[in-house]
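Each chain, written out:
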Amino acid sequence: MENENTVIRVRDLVKKFGQFVADDHLSFDVYKGEIFGFLGANGAGKTTAIRMLCGLLEPTSGELTVAGLDGFKQREAIKRRIGYMSQKFSLYEDLTVNENIRLFAGIYGIPTHIRKEKTEELLEKLELGSARKKLVRDLPLGWKQKLAFSLAIIHDPSIVFLDEPSGGVDPVTRRRFWDLIYEAAHEGITVFVTTHYMDEAEYCHRVAIMSAGKIVALDTPKALKKEWDATSMDGVFLKLARSNE
Amino acid sequence: MISAENIEKSYGEVKALRGVSLEVKEGELFGLIGPDGAGKTSLIRILVTLLKPDKGSATVNQLDVVDDFRKLRKQIGYMPGRFSLYPDLSVEENMTFFATVFGTTIEENYHLVKDIYQQIEPFKERLAGRLSGGMKQKLALSCALIHAPKVLVLDEPTTGVDAVSRKEFWEMLKRLQKMGITILVSTPYMDEANLCDRVALIQDGNILTINTPERVTQNHESILWAVRSDNMYLCIRDLRKHPGVKTVFGFGEFLHITLRDNTISPTALEKYLKERCHTNIAINPIEPGIEDVFMDLMQKHDN
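Respectively, the protein sequence lines represent chains A and B. Just so you know, the working numbering puts 192 at position 192 of the first sequence, and the rest follows in order with no gaps. Here the working numbering runs 245 ahead of the position in the second sequence, where the first position is 1.
None of the hints are false.
Listed next, with one range per pair, are the computed distances between beta-carbon atoms: (1) E366(B) / F72(A): 40 to 46 Å; (2) I531(B) / E99(A): 43 to 49 Å; (3) S302(B) / R137(A): 31 to 37 Å; (4) D70(A) / N525(B): 37 to 43 Å; (5) E99(A) / V259(B): 22 to 28 Å; (6) G425(B) / Y108(A): 53 to 59 Å; (7) T349(B) / E99(A): 50 to 56 Å; (8) I114(A) / D442(B): 56 to 62 Å; (9) P140(A) / K419(B): 32 to 38 Å.
Here chain B is said to cover these stretches of chain A; the calculated rule only asks that three of the stretch's residues, wherever they fall, bring their Cβ under 8 Å from a Cβ of chain B: (10) 173-184; (11) 190-198.
No lab work stands behind these hints: they were computed from the structure. Only a predicted model underlies this, so the values are computations on that prediction, with no experimental measurement involved. By construction, the Cβ of each residue, glycine as well, lies at the ideal position given by its N, Cα and C atoms.
Next comes chain A alone, as it looks inside the complex (with noise of 0.2 Å):
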């Protein structure tokens, strides 16, 4: 299935480091507003794939087109329609809320007579205002979550990648963090994440699953289940990733 809806077309993505291929023909379809899941086993080529879909690097063979950019021939103008967020890199702690918000902003090249109007408006949607002076590094981590997925969509991107954005929070604010996501595919943006929780798999879309460098299955989770004959995301994890061993 392909239309114009289509954000991200893969065809027979192929990406070899010296005699290792790490990914070994890729090929799949991501649509606007959809929340796409992206599980593997740690080596299975997840961030090999992440990093081309981003534009950080250059495909071996194949085709590749993110928000209708070349994924081979246009990866600088790529990097200006995506937001990226991950779990291990995306604030800085020694900033305060505001410098961090002026230099996302900054980055993505939102224009200053705007910048101030977008800042008070993403600070009253967090409910940060009586924040917006603290360091980063002392704000609770779910709040820290909300903030860095917010600036990672401050320049209304086409798609934003999110690497493991949820780890380690409780259960409530893990929830809250997933209703902002919703939120923003309700909006059109669509956000293609990875994680460990095979919880989190649930609330996407469609879920694509990688094993050595594969594409093994891609379905909506519920298709999944009933395909591999699991009760949950993590039963049909369990027999996918070591199907390939």
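Since chain A is already given, all that's left is putting chain B on it; use the hints.
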């Protein structure tokens, strides 16, 4: 085997533990379950004699964690959350080092670690710093076991580890339990609760409940409903606007909701959603899981 009573611990203004009590029985696999910042590491560090409590007391195998710490350390195997072996020593050198420190040898207790150590033995010449994540974990566990401890304490051994390796790690713990070792393990993954004999749910320095995983979920008070419709985002929004709906949380393909004093019937709720143009609506009662209970207890505690 482990007994903690009213333990308090603060770091300056921050209260990490606010009066924590628990008992772990001999031979038990006991889980300490809670998010980052709940107090898991502080409690564990007190129990393994690396940190002194401000108030309260604790014993492990009848030895006091403050007064008898030297004796106690010989009986506890501890695997901290961060990789804490010597990265510039080889696999085998790390093992020999830890065995020597405790006055034993690898050979003497090889039977205890055999299962786990055999998997990394082919790489015994390799520097520990150059091992993959999974192999580092196996080495750390081998080093924590080499002095044949009575109690094994593990601080978040499965955090950041993929689902397959996590499953393997729990299988290793079950085998150690069968060998008679009492195990206390902490984790932020709620779904791992079901792999423990008993669990303590911990949040913000307080223990919310201690019980078997089955009992924990049986004690959930309100009726829980699983709701879905074609547009989950709008479904969340509309449900939250309804005065009869108490809580709404996403749970995979469903929303889990509780109703205020059961004032509204599921049929009425379905009608309400239909009026707001929702399609393919399903509302069914559902058995609560550990996370449902955790969120419920957490919010009760906050009030």
